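Q: Chain by chain, the residues:
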Amino acid sequence: MTDYALLLIGTVLVNNFVLVQFLGLCPFMGVSSRTETAIGMSFATTFVMTLASLLSYLVTTYILVPLNLEYLTTMSFILVIAVVVQFTEMVVHKTSSSLYRLLGIFLPLITTNCAVLGVALLNLRLQHNFFESIIYGFGAAVGFSLVLIMFSAMREKLTNADVPTPFKGAAIAMITAGLMSLAFMGFAGLVKI
Amino acid sequence: MSIIMNILIAILVLGVISALFGALLGYASVRFHVEGDPIVEQLDALLPQTQCGQCGYPGCKPYAEAVANGEAINKCAPGGEDTIKKIADLLGVDVQPVDDNHEQDDSSQSNRPKVAFIIEEDCIGCTKCIQACPVDAILGAAKQMHTIIIDECTGCDLCVAPCPVDCIEMRPTPETIQNWQWDLNKIAVKQVN
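Here the protein sequences come in this chain order: A and B. Residue 900 in my numbering sits at position 75 of the first sequence, with consecutive numbering throughout. Residue 73 in my numbering sits at position 69 of the second sequence, with consecutive numbering throughout.
Please keep in mind that the hints were generated in silico from the structure rather than gathered at the bench. Heads up, some of the hints might be wrong.
[Claimed, not checked] To give a feel for the contact side, a few chain B residues facing chain A, derived at Cβ under 8 Å: (1) 18; (2) 22; (3) 36; (4) 195.
Here the structure is a predicted model, which means the values were calculated and not measured. For each residue, glycine too, the CB sits at the ideal point set by N, CA and C.
Let the sequences and hints guide you as you build the complete structure.
A: This is the structure:
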């Protein structure tokens, strides 16, 4: 049990996908201009990442490994992710049309979010078992959401700040992201995984 | 032989996985089907689907929704007049010209500074325009043909009215390497936050 808790904390904070492993930077930059959108994106990504790591574990363990088809992992993971994203899009469209409008074009972009594929591939490389895979996927998504929401809150403040003209817009956002990444380096060594 | 078998197995496995996921998505699309607004669907079908955002909406679908809610129908630059006509037919409203702000070809020619031009064959040498010119940009004498010193002319129009034979007209200055200027304001810059 402690192992799982450590794995979760380690994934969320120490090996944060965005700020330490630099995965999923495009939604991190693209969807963070408003907190409301960021929260929506976070929920969608959390759902997709957890489900995708679960499904990709099942696909690897019960289909690819017994048939000696490990070289198909990347391809089949992309397939799994695309399906999960499509599924999520349909569910979101049905259940919450306001969230659907808010996420708009970003929802299909989760398909190409490298963090999602990264979780699936890292699960394989780190030889996680079923529950570890789910926790790793969930932890990665929580870490992504945490950073995305914090970053969007900061960017909302930044729009009102008196930023020097050359740094306005994306430039100051990049600098902020860099400083956040530096701050997250402080967690290094907190948990060994 | 075993290589071919391996490839066949790989294709078969991926095909089976895809078919399974396809079935899942097919079921989901029926289960989570959302009734769209039919008029929005029709409008969306008329729009060019370039998703260019020149109308000020994040894509063709949002613009279609906005048109259905009473937004102006003439904001689609890529669609041009054809699209406006079709939308007007569908909605039963008047055709409007493409909105200037959203017209595709820039009308830079008409915005260029103008200078006076004397049609020299018609000039009778009355000197009235010389007296009217505030900057002494007209060269000529009584009963002699007049001409404009283009570099001096400010394009003030004052010489046009006094001419008894209407031989002065305002022409846009041709754009040359010498007088071409950076005009960065023409490029619509959007502040990215």
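Q: Output the indices of the hints that this structure fails to meet, ascending.
A: Per hint list: zero violations.
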